[in-house]
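Here is what each chain is made of, one letter per residue.
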Amino acid sequence: MSAVVAVIVVGPLVAAMCGLLSSRHEVVRDIITMGSLAVVTGLAAWLLVVVNTDGPVAVRVGGWDPGLGIVLVADLFAALILLVATATILLVELFAIGQRRSAWGADPRLAGPILLVLTGGVVLAILTGDLFTLFVAFELILVSSYVLLTHQGQRGQIRSGMTYVVMNLFASTLFLVGVAFVYSATGTVNLALLAERIPALDDGLRMGIGLWFLVVFGTKAAIFPLFSWLPDSYPTAPTTITAVFAGLLTKIGVYALIRFHVLTGMDALGPVLLVLAGLTMLVGVAGALAQDDVKRILSFHIVSQIGYMLMGLGLFTVAGVAGAILFLVHQIPIKTVLFLVGGMIEVEAGTSALDRVSGLAARRGFIALMFALSALSLAGLPPFSGFVAKLALVDAGIDAVAIPIVVVALVGSILTLLSMAKIWLGVFWGSPVANGAGVPPAGSADLRPAGRRLMSVATATAVTATLAIAVFAGPLWEMSQRAATDLIDPTSYVAEVLG
Amino acid sequence: MIWFLLLLYASIAVALAAFGHRLGRHAFTVAVVPAGATTAWSVLGLGGDEPVTADLVWVAGLDLSLTFSVGPLAALMSLIVAGIGVGVFVYSAGYFAADAPGLGRFAATLVAFSGAMVGLVWADSIWTLFIFWELTSITSFLLVGHKHADPDVRVAARRALLVTASGGLSLLAGFVLVADVTGTSRLSEMSAAAGTSAAVAAVLVMVAAATKSAQVPFHVWLPGAMAAPTPVSAYLHSATMVKAGVLLVALGSPVFVDQPLWKVMGLSLGLTSMIWGARGALRHVDAKLILAWGTISQLGLMIALLSVGTGKAMFAAVSILLAHAVFKAALFMVVGEIDVRTGTRDIRELSGLWRSMPLATAVAVVSGASMAGLPPLLGFPAKEAAIEAVLGLSGAEAWVGGGVVIIGSVLTVAYTLRLLLGLFTGTGSPTPVARGRVRMTVPSVTLGLLSVAGFFFLGTVSEVVRSAATQVNAKAEVYDLVRWPGPTEALGVSMVVVAIGVLAGLVSHRRTEPAPAPMGAAVVDHLTDGTLVVARLITGRVQHGSLPVYLTTMAATAALATAPFLLALDRDVLHAWDSPVQAVLAVLVVAAALTATTVGSRLGAALSLGAVGIGVSGLFLVQGAPDLALTQLLVETVVVVGFVIGLGQLARRFPPVGSVWRGIRIGVAGLVGAGVAIGLAATATGPERPPLPLREASVEEGGGNNIVNVILTDIRALDTLGEIVVLVVVAAGVMALARAGRHRADPPLGEELA
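Quick mapping for you: the protein sequence lines, in order, are chains H and L. In terms of this note's numbering, the first sequence has 371 at position 371, counting the first letter as 1, and numbering is strictly consecutive. In terms of this note's numbering, the second sequence has 16 at position 16, counting the first letter as 1, and numbering is strictly consecutive.
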């Protein structure tokens, strides 16, 4: 199994370098990109099956002892998120190839390889069992996402890219300081060792470290009050790029937050997390309601939904953490799909501004259907995946007698529905706009029918995947519960890494 | 069979959505299939003793499952839902013009609704019920908004969605509590719940029922929902979906039987709605609105009766539910026909229709009479049962309940008469009428005849109602619907009610006043728009787009996060410095950092930062790490050179900043610095640990004497690989930006980025 883990981690980075070198040959580049993503996704699926039956897999990089060297660990939590993340990226790349010829397509010479670097960062962040390697993974993600955000060199992109990179670099600096705190207090950066040593520290040190990493991962995850960089920057990037960002980047922050804080037993921070969760939900959804552009609305929803995962984490019970994990599994594809649909709206109507698009349901029923299915899931309506995830969280909240956060979560979901209704009423209903604004713009004339088909296929596959998450919610919930149990009581994780 | 029928609904809905647009009005012919099959099966199920069940586990850990149990009540409900569904589909084929747009999609949504409704009434697990409950809300939203080119329709659809979906959330919370308290999610296994959680759950579930069944003050969405095509109004918003709330109260009554709040809320919601709805029906001039307000009133009666909790009231409620579904659907169909054939449904404009539309008049009169509770129609014995049930109460309940029900009945008679007179008679010249459509007439006539037939086959009806009511309340077993009660107290009351009602109806018919403004609906819309305004305000505050403010917020948060370190600070171990040189360097570093924040020229700031770096490399040197110091020095030099080259493109001085704002920023930055210092001091005073065996590892295993090199290239090679890739990506990004910049005509970004 160690070879599989190694290929998953290093494969995307190597493929990315090859992709950069072959930047003049479109076909070769596409084969490298799609091929390596497909291989990684396949291996991730295999890894999940193995981990699910045989327990966690730990790989000592270079054979060094866990106290000294780097360890890669695939436990159930990691394997589950890994599969969802890589599959999502694969589908987005498919969409990107289809969209390439339109005015909104990213520059393919750069986007493919850099996307692979981003994938490499995401994979490394998920699989690493080492706090410092997590920092490196975040660096990979940050720098590749910055390049993806700005590589077209448009004015708005560079301006918002500035906010993005400065905020995130500052967070990286704080991360580095945090690693210093941890190393100085415990003498290690190995997560398994930290799971043993941090709970043994004084209250003050423990809380200080916990809060500090809450700020670090919270910035990456875009929680209140550290989320401001996100809604300013995401909507300016090309659709496919935003789709990946929306699905993955903040979620990796949440992943790290769950991984670190549960593993190191930060239960005492629960109330703080719950308050922040509630504020994140409400401020995020308020932002969404205030927007008049599909991509901007969706960007604020990213923030709002982070609050739900934070709520599950803040409960620090098996049910709560499992709820957060299931929510994560549901959110990664659903957010991506919504942005892909946003991209299709843009290609069809020339804009994603609500007041300039209208009556799309009559013209393109397919887009309306794709949007409806994913929007209902986002709002947590049954029988979609969002409902199961929300129910799991509400159930956990009531079990833990955390009534205020449950109320806020429910209010948040009705407001989410309101903002989705706003998109539906604005974009899909009404009479098709007759004045020039609704006419497809010049850019989409280059869009080949095959490209359009590819975009539809990618979106439909992704929507089907989210429906599959709903159908298989039973086994997924069972896995989430086991993953949460192993995080809360990390004996088996620690034994696998150190043993 | 349960699975087969539900799958039939689903597959027909999907097929219609995909291919319906090619079928035109024939889409409705296809749509009849699942409803017809369900009707037939429900009739067979009416007499069955053992409920038919079906069970499919979805998420075991959350007790989520698709569980159905079709007993007498469920069979009766699905008979109503599917039977009227058949009528509505036939009616729709006549209602729409052959070339009307979006018929396939409309038919598909209507079938989906019908299936969801059937699933709802068959549900045994509360979660199954919830799933279908929400599906009916969504399909209702889509159907209300069918004519969405009209902005008013869109607002009405949004309102319907928000009110019913809020109710859905209330139901979700209520059900989680119910499952928690009773320990099961099966309705058939639930026993009476007790305790605070049960009381809260009772309130939440009752609120949910009130939103779905349009009870005051949650009724506001129903009149607006009349913007839907009339088949939808007849089907969803009178006969079936709005009954879901009534069904919920019926199913909930055994669970919440010990909750006084349940009864109080149900009675007050129901009785208020009964009066307020009837009042609304007396004031409006749009026939559909009159019927909608009448529905609010009748649903109020049902909910009030169900909350009373006696066997007799339960029995009466189910009877009225059945009678209401039949006559109200028929009335809506007639109004729809009038609308299609004359172009208006304003009772002030219509005149002489009793001559030109005799069949429709007959159906409306029969159904209206049933609504008013006159013999020989199904509405009569049902109304008698209701009046008997309230007369049988004692104490305050009898006075309040009895009084309100009697007043409500008077008003019902009055608005029925007003509606019939307004629709079919009039003083003006006869309204011109277009040709009739058979497919609209057949269903309404059938339903009209059912109101009559129900009275003549009262024995059978009574049996069906009784077994349904008994399922929820065993005490309903002894009651019967009576064709002619003889001179009872209730009959006397009824006669008085009819007499006063007819007088009131005649009076109100004469009065013509403008239609009242939809007060409650405006409140909801204002609330919704207000939410949007508040959202804008909050967002304006939080998301102002200024990077310095974001950064300051983040830095302040980080500084706050270090507070706990203060607790762990061990002052005894702390000392000022190991060597005085450190102090000198520290002062240099701090002074340079302060200069960087206050200096006005960009070049000066860059040089000050360089000085900070040089000071830090000095600290490394003192600590005994010359390699590190050298690297740091190199980096600083390169950075300063880079700055100097880059700054050539920018203005020489920073844009001016207010002194207060600058002070805040310096202060916050200082706090972060202090926090980090405290954090490091605190963590350093933690427990002593043996140092890592790095020397042995690098020399013996790594084969290198320079520990730092071995760490970088061997022990932590993966990290180094990652950082190398980071550099490659940065290079590629810079090249891309440079390329984009060359091809662009925009002026340089210089000042904006400052």
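Don't read these hints as lab results, they were simulated from the structure. Any given hint could turn out to be false.
Residues on chain H that point at chain L, a partial pick, calculated with CB under 10 Å [to be verified]:
id, residue
1, L418
2, A468
3, V471
Just so you know, even glycine gets a beta-carbon here, dropped at the ideal spot from N, CA and C.
Quick rundown of the hints versus the structure:
Look at L418 (chain H): its Cβ gets to within about 6 Å of chain L, closer than 10 Å, so that hint holds up. Proximity of A468 (chain H) to chain L is violated relative to the hint, the smallest CB-CB distance being about 13 Å (cut-off 10 Å). Taking 10 Å as the C-beta contact cut-off toward chain L, the hint placing V471 (chain H) at the interface holds, the least distance being around 8 Å.
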